[in-house]
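Q: This is what each chain is made of:
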Amino acid sequence: MKPIIPDQFKERYGKLVDDQDAFFSSLLQQLPKSFRINPLKASPKTIEKRFKDYGIVLKQVPWYSDAFVSKNYAIGNTLENFLGYIYIQELTSMLPPLILKTELQNAEFVLDGCAAPGSKTTQLAAFMENRGTIIANDINYNRIRALKFNIEKTGTLNAIITNLDLRFFPKREGGFDVILVDVPCSSEGTIRKNPTMLLKWLNQKKRIPGYANLQQQFIVKAFDLLKPGGCLVYSTCTIAPEENEGVVNWLLERRPAKLDQINIPEMKLTPGILEWNGEEYNPEIRKTSRIWPHHNDTDGFFLAKVRK
Amino acid sequence: MITKCSPQDQSLVLDYFKERFGIERHLFKDFSFYGASKGRIFLGPKSLIDKPKPVTAGILIARISRFIKPTTNFFQLYGKFVKKNSVSLTRENATRFIRGEDLELSADKTSNASDGYVLVTYLDFPLGCSLLKGNRVKNMIPRPKLLDLEFL
Numbered sequence: 000m001k002p003i004i005p006d007q008f009k010e011r012y013g014k015l016v017d018d019q020d021a022f023f024s025s026l027l028q029q030l031p032k033s034f035r036i037n038p039l040k041a042s043p044k045t046i047e048k049r050f051k052d053y054g055i056v057l058k059q060v061p062w063y064s065d066a067f068v069s070k071n072y073a074i075g076n077t078l079e080n081f082l083g084y085i086y087i088q089e090l091t092s093m094l095p096p097l098i099l100k101t102e103l104q105n106a107e108f109v110l111d112g113c114a115a116p117g118s119k120t121t122q123l124a125a126f127m128e129n130r131g132t133i134i135a136n137d138i139n140y141n142r143i144r145a146l147k148f149n150i151e152k153t154g155t156l157n158a159i160i161t162n163l164d165l166r167f168f169p170k171r172e173g174g175f176d177v178i179l180v181d182v183p184c185s186s187e188g189t190i191r192k193n194p195t196m197l198l199k200w201l202n203q204k205k206r207i208p209g210y211a212n213l214q215q216q217f218i219v220k221a222f223d224l225l226k227p228g229g230c231l232v233y234s235t236c237t238i239a240p241e242e243n244e245g246v247v248n249w250l251l252e253r254r255p256a257k258l259d260q261i262n263i264p265e266m267k268l269t270p271g272i273l274e275w276n277g278e279e280y281n282p283e284i285r286k287t288s289r290i291w292p293h294h295n296d297t298d299g300f301f302l303a304k305v306r307k
Numbered sequence: 000m001i002t003k004c005s006p007q008d009q010s011l012v013l014d015y016f017k018e019r020f021g022i023e024r025h026l027f028k029d030f031s032f033y034g035a036s037k038g039r040i041f042l043g044p045k046s047l048i049d050k051p052k053p054v055t056a057g058i059l060i061a062r063i064s065r066f067i068k069p070t071t072n073f074f075q076l077y078g079k080f081v082k083k084n085s086v087s088l089t090r091e092n093a094t095r096f097i098r099g100e101d102l103e104l105s106a107d108k109t110s111n112a113s114d115g116y117v118l119v120t121y122l123d124f125p126l127g128c129s130l131l132k133g134n135r136v137k138n139m140i141p142r143p144k145l146l147d148l149e150f151l
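Protein sequences, first through last, are from chains A and B.
At position 128 of the first sequence (counting the first as 1) the number is 127 in numbering that gives the first Met the number 0, and the numbers step up by one without a gap.
At position 81 of the second sequence (counting the first as 1) the number is 80 in numbering that gives the first Met the number 0, and the numbers step up by one without a gap.
Okay, chain B solo, but in the shape it has when bound:
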């Protein structure tokens, strides 16, 4: 069951998006933040209904645990506003990434990003979220989304 997100959690997520990715707060002004179990944070509509209780609202944008972890669906929607900590892939690597593989990149490909969660892009397309450690990109695309693409 979802509830209104606490102001603390909302600030935590918004500050993280701004500091780590340069995503501006005002981009979310038309929507509300909601919280659920396991530290899940949703971005959804301003108004809800009283009954019945919603199962979810909008889309899951992040999980708060020891770290704040953005979701791939969040990046696919807001990735175009990311100004830093992104990693760009070649066509071949993008195909492998969308298939679910972890990647080892050359140092020049990861020079604009520090270790931690990063946006992964191909051309201008935001593909999703991954965990960067050194030159290694750990795949975090949810399994049901994985595809073996013919066209990209």
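Isolated chain A, as found in the complex:
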């Protein structure tokens, strides 16, 4: 059955995009399969050659040289996947570690607050070249099994796993250099991967205020755990402003946080919005980034880079 985009969805989000037709039609198109090379174990040249020999056509992602897309859905059945030389991951999921690349070079202590299943943790480790310490934390003990599996598969030696609600995470003396909070959200941005999301969207929409409440607590807590000068990335895979700009605005109203402008060469980013449902946000919010599915052939995503 072909998924249908609910009218309420169109009404709610149509006004936020530059090209409604392109946006709505992009939601009904299947995402290409994507992966990144794991530099802890392999090099791009070797992988490209092996895939060429397999007859699998790869396209390098213009904004991240370690990332590739393919129309061949069998890339999971390669020796390189078995060995952890590649990591199959949505393109937007690669963005939070990518915009922290510079900060990660000399980071000693990094906290990944909602880490399972470990896609971003293992990418953080790759940028850190297995140096320093990553605390990969997740509240859900069952999901920690997947986190552990992926840490081991990718040869991530600098991560430790903790199992705690981020809101109760104890302060570390000296604070953390870098924190990533890829929070639980209404996941509206993942419609292309999971079209059934459209069928349950009206119910999911009702959960947005609950998610936003939790996210507000997470972002403030994460900020408090940072060391002065440290960097925090807040990200979601939803389109809902309440869970994106609204949450960052909540932080700016309560803590002396600054936002960094996000720049990813070769990727089209859209500034965060400054008004939603009659609520006006701090003008700094324009430094946050929305990633619309029709701009870069990806999922929908949101990023904020916060400095203490």
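Since the hints were made in silico from the structure, they are not lab data.
Glycine included, every Cβ here is placed at the ideal spot set by N, Cα and C.
It cannot be assumed that every hint is accurate.
Claimed, not checked - Here are the in silico distance ranges between beta carbons for each label pair:
no. : chain 1 : residue 1 : chain 2 : residue 2 : range
1   : A       : K192      : B       : K132      : 54 to 60 Å
2   : A       : N212      : B       : K17       : 28 to 34 Å
3   : A       : N212      : B       : K50       : 25 to 31 Å
4   : B       : G99       : A       : A73       : 15 to 21 Å
5   : B       : S36       : A       : E274      : 51 to 57 Å
6   : B       : N111      : A       : K199      : 55 to 61 Å
7   : A       : T195      : B       : A106      : 35 to 41 Å
8   : B       : D123      : A       : K199      : 26 to 32 Å
9   : B       : K50       : A       : R206      : 27 to 33 Å
10  : B       : K3        : A       : G75       : 33 to 39 Å
11  : B       : D123      : A       : G75       : 21 to 27 Å
12  : A       : K51       : B       : P6        : 45 to 51 Å
Using the hints provided, position chain B relative to the given structure of chain A.
A: For chain B alone, kept in the frame of chain A given last:
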């Protein structure tokens, strides 16, 4: 819960890696060893945090019981440093091995390895750990890792 590995256990594992596989000690100098229940030994970061207590650190590299048993994940990372006691597979056997099958190899394929735990390779790729007994290779790849590969 993990704790710092005792110096005795750490030496036991490092001596075994060196003697059985020729893996040099200095390759681990940037990391620390941790221990957990059931003789599990982890290789992880030098520094931990005090609170909360970690569930695991780094990757599980070996289990100490009557024998020392290296893990497949350890070999997939450090297999390139193995100098002895490895068994090389053909493409067909590598496919079967990654699918989870035990293998019976010809004598010439196992002549460079003695009975015990061995590294299994295909071309230059370290596939994992197995137990060699005579010409029989017992599969030790953890079940969640098994794949039916199309491309190798």
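Q: Looking back at the numbered hints, which does the structure fail to meet, lowest number first?
A: 1, 2, 7, 8
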